[in-house]
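Go ahead and model the full structure; you've got the sequences and the hints to work with.
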Amino acid sequence: MVRLTDIPDIDAQHLLDKECPAFEGEPWVEGPPLAGRRVAIVTSAGLHRAGERNFDLRDVGYRVIPGATEGAELVMTHASVNFDRTGFQQDVNVVFPIDRLRELAAAGEVGSVADFHYSVMGAGWLPHEIETTARELAGMLKEDKVDAVLLSPV
Amino acid sequence: MVISLVREHTERIKPPRALWVPFQLGRPLGAPDDAAFQTRVLRAALALFTAPAGPIIGDFEEDAPGADPDDYSGWVCPVALPAPPDGTAVPGSLLAQVQAEIDSLAPWYDLARERRGRTTVGVSGLSVVDAAAFLIRFLDDPEIESPDPALSVAHAAKFAADDLKAWYFEAATARPGADGSVPLNDWFWQETAAGRLLLSLSAVCRGIDAPVMQWLADKALVPRSHHHLIP
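Chains as they are written, first to last, in my numbering: chain A, 1 to 154; chain B, 1 to 231.
It should be emphasised that the hints constitute simulated quantities derived from the structure, not laboratory data. Here the structure is a predicted model, which is why all the values come from computation and not from measurement. Check before you lean on any hint, since a few could be wrong.
[Claimed, not checked] Chain B regions said to be covered by chain A (calculated; three or more residues, Cβ under 8 Å): (1) 23-32; (2) 120-126; (3) 154-164; (4) 215-227.
For glycine and all other residues, C-beta sits at the position ideal for the given N, C-alpha and C.
Below is the structure:
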């Protein structure tokens, strides 16, 4: 188990000092039952397919992970070294649960899996600096008829 | 719907739906190679789409199985690596030491790659031996040319270091029971020549008055938890 009280003080303080923006309002949208929803994964783990352009140290861009991508194709070029990577090295689903999502879709628990998932690299920039990318991703998710997104950090 | 690894952040940002999980950073679904556990986490997250009102933070109270990061009981290095020499590492001998470690660990890296059907090594475009050799040349002369014309030497060093670490950790986790990140990190940073190479590289970069080298030294090579080992 890891909670802030369980990690070294220097790491806990670093996390507490992070800038967390306050948003105006509290947006809330409801949708159909889960069995009718189309689900995408957006991760900030700096994942991309092997051979694609690595993430730079202050990269606010994104990479596309096509829905048919196998987990074995994914690598990680995150700028930070302050989180565990050994779990991802053993099993991509501990960060990017694509196989688990496909299983829930096959079982009818979720409606379908999106045609495209997306990855950003969540270090080196302030939250407002990625707003343009976030809006762009939201537009593409809407085009893909996605109505449920799982945001997966590291 | 966001999985939250740091509840304090989520409480401040107030996203519409969040599931806080008590897992270590880097493992939002909890545990590798445990599909049943991952599915429980995913179901709990997706269930928040049926919440009647928000913002809402759900709590996933179940700890990840076998994932106490401080647990030293389940893991030992697959091979006995040579003891480190006394004194400051000399670039020439350091390459021989890293090469010897790679030779010793190679059967375990190969086994891990075969069992998993994948490797995360390769983001530098160099073999692990070439990555180590480049880093040692960089340690000896930080003004060397980048092995990739599209990358600065600092960026190339970051990706080469990522590959070197990933190669060692994939080899070290080939055997069952390798789940405690603290012992794995302590092994790499305290007992391997590759770890000493990256610690020495951080020290060299700290002494170079260039922002990208300071970034490399402070943020991109050695985790904060092991900065105290930088000479």
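Tell me whether the statement that chain A covers the segment 23-32 of chain B is true, taking a Cβ distance below 8 Å and needing three residues at minimum. Holds: 10 residues of the segment 23-32 of chain B have a Cβ under 8 Å from chain A.
Coverage of the segment 215-227 of chain B by chain A (three or more Cβ within 8 Å): With 8 residues closer than 8 Å to chain A, the segment 215-227 of chain B meets the three-residue bar; holds.
Stated coverage of the segment 120-126 of chain B by chain A [criterion: 3+ residues, CB within 8 Å]: It holds, with 3 qualifying residues against the three required.
Tell me whether the statement that chain A covers the segment 154-164 of chain B is true, taking a Cβ distance below 8 Å and needing three residues at minimum. holds (count 4)
In this structure, none of the earlier numbered hints is contradicted; all agree with it.
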